[in-house]
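Spelled out, the chains give:
There are 2 protein chains.
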Amino acid sequence: MSKKLLPNKQEYPAEWYTKVMQLADLADYGPAKGSMIFKPYGYAIWEQMQNAMDRLIKAKGVQNAYFPLLIPMSLIKKEASHIKGFAPELAVVTHGGGEKLEEPLAIRPTSEAIMYNSYAKWIESWRDLPIMMNQWNNVVRWEKRTLPFLRTSEFLWQEGHTAHSNHQEAIEIQEWAMQMYAQIFREWLALDGFEGWKSQSERFAGADTTMSYEALMPSGKALQSATSHDLGRNFSKTFDIKFQDKTGSESFVWQTSWGLSTRSIGGLIMAHGDDNGLRLPPKLAPVQVVIVPVLPKPAILDHCRKLLAQLKKAGVRSMIDDRDNETFGYKLNKWEVKGVPLIFKIGARETREKNITVKRRFDGEEQTLLADNIKEGVSKILDKIQDSMLEASRQYLAAETREAHDYHEFKEIVKKDKGFIKVWWNDDVEIEAKIKAETKAASCCQPLSWGKGQGKDFFTGEPASYQWIFAQSY
Amino acid sequence: MSKKLLPNKQEYPAEWYTKVMQLADLADYGPAKGSMIFKPYGYAIWEQMQNAMDRLIKAKGVQNAYFPLLIPMSLIKKEASHIKGFAPELAVVTHGGGEKLEEPLAIRPTSEAIMYNSYAKWIESWRDLPIMMNQWNNVVRWEKRTLPFLRTSEFLWQEGHTAHSNHQEAIEIQEWAMQMYAQIFREWLALDGFEGWKSQSERFAGADTTMSYEALMPSGKALQSATSHDLGRNFSKTFDIKFQDKTGSESFVWQTSWGLSTRSIGGLIMAHGDDNGLRLPPKLAPVQVVIVPVLPKPAILDHCRKLLAQLKKAGVRSMIDDRDNETFGYKLNKWEVKGVPLIFKIGARETREKNITVKRRFDGEEQTLLADNIKEGVSKILDKIQDSMLEASRQYLAAETREAHDYHEFKEIVKKDKGFIKVWWNDDVEIEAKIKAETKAASCCQPLSWGKGQGKDFFTGEPASYQWIFAQSY
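Protein chains in written order, with my numbering: chain D, 144 to 617; chain P, 144 to 617.
Any given hint could be a false lead.
One copy or any two copies: either way a pair holds, since identical chains are not told apart in the list.
Straight-line C-alpha distance at most 30 Å; calculated DSSO-like pairs for lysine-lysine [unchecked claim]:
1. K474 <-> K440
2. K565 <-> K595
3. K201 <-> K488
4. K477 <-> K264
5. K201 <-> K474
6. K201 <-> K502
7. K523 <-> K201
8. K201 <-> K477
9. K385 <-> K477
10. K220 <-> K287
11. K243 <-> K287
12. K227 <-> K243
13. K220 <-> K364
14. K201 <-> K449
15. K364 <-> K527
16. K477 <-> K389
17. K264 <-> K474
18. K577 <-> K502
19. K497 <-> K440
20. K227 <-> K385
21. K385 <-> K474
Rather than coming from a laboratory, the hints here were simulated on the basis of the structure.
Extracted from the complex, chain D is given alone in its bound form:
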C-alpha cells in the first residue's frame, strides 16, 4: 500500500475523504442510492462510542428500550411542526405481505411520534414519572446528496426520550445530555467544539429549544454533531400525555429528546486525518497497537507473541500482523492509513535487546520502550496521544474562531477564512434567512460558555446580550 494512493487532504478534501474510507476499510457504498455499508473497522469505532455512551446513559438512570421501525402515517402527522420538518425525508412502506396496506407506514426518521403514543398509555400519575428511555437503532431520512457517514439515507444513532412532571427537571435532562455529548466529543473523539443553544430557525421540528454540539472541520465548515431538545409540552398536548399530580389535578408532561449518530464518525475522520490517512484517538481506536515483525524469523515472532500476550493482559486492543504476503514497508503504510495509534516495529535488535520500537501515528515520531515496562509505558503513551489530539483540536478551534463586529466583516471572513465567526446577535428568523441566502452561512449555536454580556448586534447594530457562532455547515 503506497502513500501515493491518497490525494493531498487539503487540496482535494472530497477525494481524500472518499479514498481514505476505502483504503482504511471503513465503509462501502450500498446498492440502493444514498445507502452505505459499515465495514467491520468502521463499525468497531461505533461500538467503542456505544460502549462509552451506554455506560453514561445508564448511570443517569435512563433505560434502553426498543420501539417499532414502522410508524403509521396518521401518528407521525399528529404533531404539525414535527411532520412539516420530516415529511420531505420520509421513506414510506405501502405494501406488506404481497398486499397494499390500508394505511401507509413511515420508516422512523426519529421516534417521537411512536414513543409518545405509548407514553400516553403508560403514564397515569406523578409516580410514573420521570420516564427516561433510550434506543440504539437505525433511522431513515431520504437525502438527495449523500456522503458516507456524514449524510446517508439510513444511519445509526441513539435517541433518548424523557417525560417529566415539571419543566425544570426536563431542562436539567436536556442540559445533562448535551454535557454528556460534549464529554464524549472531547474525551473520546478528541474533538473540541461549542455546545450551546440553537437559533429559532435552526431548532428541531417540534422543540421549544434545541442545544447542539458544533465541531469545526478542516474545510472551515461546521459539523452539527449531536442535539438535545426541550420539547416543552408540544408533543404531550398533541399525544395527550397527562399525569395526575400530588394534588390530584391533571397536567401535561414536559419532554426532552436527544441524539448522537454515526455522523460523528465522519467528523472524526475529517478532523484528525492527514495526508497519510486516518488518525484515530486511542480511546476509540478498534486496534490501539499493532505489532509488525520486520522479518518472519521464529525468534522475532516469538518476541512479538510475548508482547501481544502482555498487551492483551493489560487490556490493550492489540494484534500482530504476521501476514506473509506483504512487505514490512507495505504493512507500515497500511496501518498508518488505518490510523492505528501505535505500531510496534519488532526486528532482530528489538528481540535481542528485549525492547520495542514504538512508532506513534499522531506525530510520526518513534521512541523505544523496554519490554519489561510495556504495560505502564503503553498506557502512558496512549494517554499522552489522546491529550495531544484534543489539545491540537482546541488550538485549531481557537485559531479558526474569528470575531466579526458588523455584517461587512462577517462577509469578509466567510469569503476569505471560513471557520467559526463570533458575533453579538439578537436571534431573528428573517435576518438569519437573509444571511443564509447571501453567504450560505447560518448560526450554529449560542455557546453556553460565553454567558450573558453587552454588545452590539452585528447585523442591526442594536444592543445584544448574547454572542453566537455562525459558519457554513455540512
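Got chain D; can you put chain P on it based on the hints?
Frame of chain D; chain P shown alone:
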C-alpha cells in the same frame, strides 16, 4: 399487585402469556398491526443475551458490521429459492422523499442478498477468505398472526454470514454456530432442547442444509429457536462470488449463515413461567437480587443500603425497592411476577442479627444468609438456581419425548400427549407434507446426539438409518 391477576398458566396459556407480558412490564403492542414494543425490562433480557453471544462470536474471529436496511427488489430476487421463501413476507418501500421510487426497496427480511452482493466485490483471492461477519439488527417479515416476541412483523436478531474457500471449513462454522447457540440455550436460558439437521422441506430458502435448536414449550409444542445454514455455493453462483485459489484458478466460495432472534425470549417466558409469573434464569435476569425492606425504618433501610453496596461490589445486578406507596406484600408479588431470582426480605430481625432472609423465586423456598457471607452466599445460590432450572428443563424434555414405532402410534401421541415424538424416518418431502396435513405435526430436526443406527421408518416400514423428532410447532 395480586397474584389473582394472572390466569392459571396450564389452563389458559394464551391469556397467561399475554397477561404476564403486561404485568412483568416486558412488552407492549405497537400501533401498527403485528408490531411490538420492547419495554426496558424485556429489552434488558435481550441485552444480556447479546453480551453473552457477542463475546462468543468475537472470540471465534467473526467481526461485527452493518449493512443497509433497504434492499433493491432486483437484488433480493436474484436467488430463486430465496425469494420464493421470502416474497410472501416482504414489506416494500415504494416512496422516498415525497417521490415514487424508480425501483421499490424491500425492508430486509434477512441480509443474504445485500451482503453477498458486497462479498462479490470484496473477495478476489484465497487471501481474502474466510470472510466472517455478523450483524445485530432489526428485520421485518410480514406475518398474519402475531404474538409478542414469538411472531412479530419486526424482530431483533443477530445474523452471521461467512464465506470460505472450501466446503469443509464452511460446515465447521455451521456446526460451531449451532454449538454456540446450544450453549446459550442451555447455559444462559436454561432451556434444554435438541440441536440437529432440518428435513428437506423445512430448510432455509436457499440453503443446502439447515441445523436448528428445538426447545419444547409447556403446551407440548416445539419452538425453533435458532438456525444455522450451509448455503453451499447457491448464493455464490447467483451473486458471482469467486476467488482465485493458490494455483491461480477461480472457484465459487462456500457460505454459511446463522441467526438467533428475540423470539427466544418468548420461549424463555413460556418455558420457565408459572402461575405466579416469570421465572428468569439468574444469568439473564436484568435484576438478580431485589432488596425489599419490610418497613421503611432508618435502621432497616441502612442495613439494606449496606447490603446493596456489597452486592454491587460483587457484580450482582441488584436494587432496593424502597417505594413508599406500595405495601411489603404488594412488592413481593410484583417482583415474583417479574421473575427476579432472589428477593432479600429485610426486617427488624434481619437488621438486628445482621443476616438476610432470602426468598428464591425458582422454588418459592426461603433461606437465611449471613450478611458477612453475602458475596459467596449469593453467588452459590444463583449458580444453584441456574443449574436447577436447566435440570428441570432436561427432565421435562426427557419426559415429554415419546417414541412412536408406526404412524398409528404417532397419531395417538399427537392427539393425546403432544410433545416431541421420536421416530426412525427417511426424510421425504411428500410424506412430510402428508403427515403435516393430517396431524399438523412436522419434523423438527434429526438430533446430532443420536447418531446413525438401524431402524424401521415409522411411516413406510422401510429400513431407516436416522431418528428424528417431530412435533407441532409455534
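Against the structure, test the hints numbered earlier, and report the numbers of the ones violated in rising order. Hints 13, 18 contradicted; others consistent.
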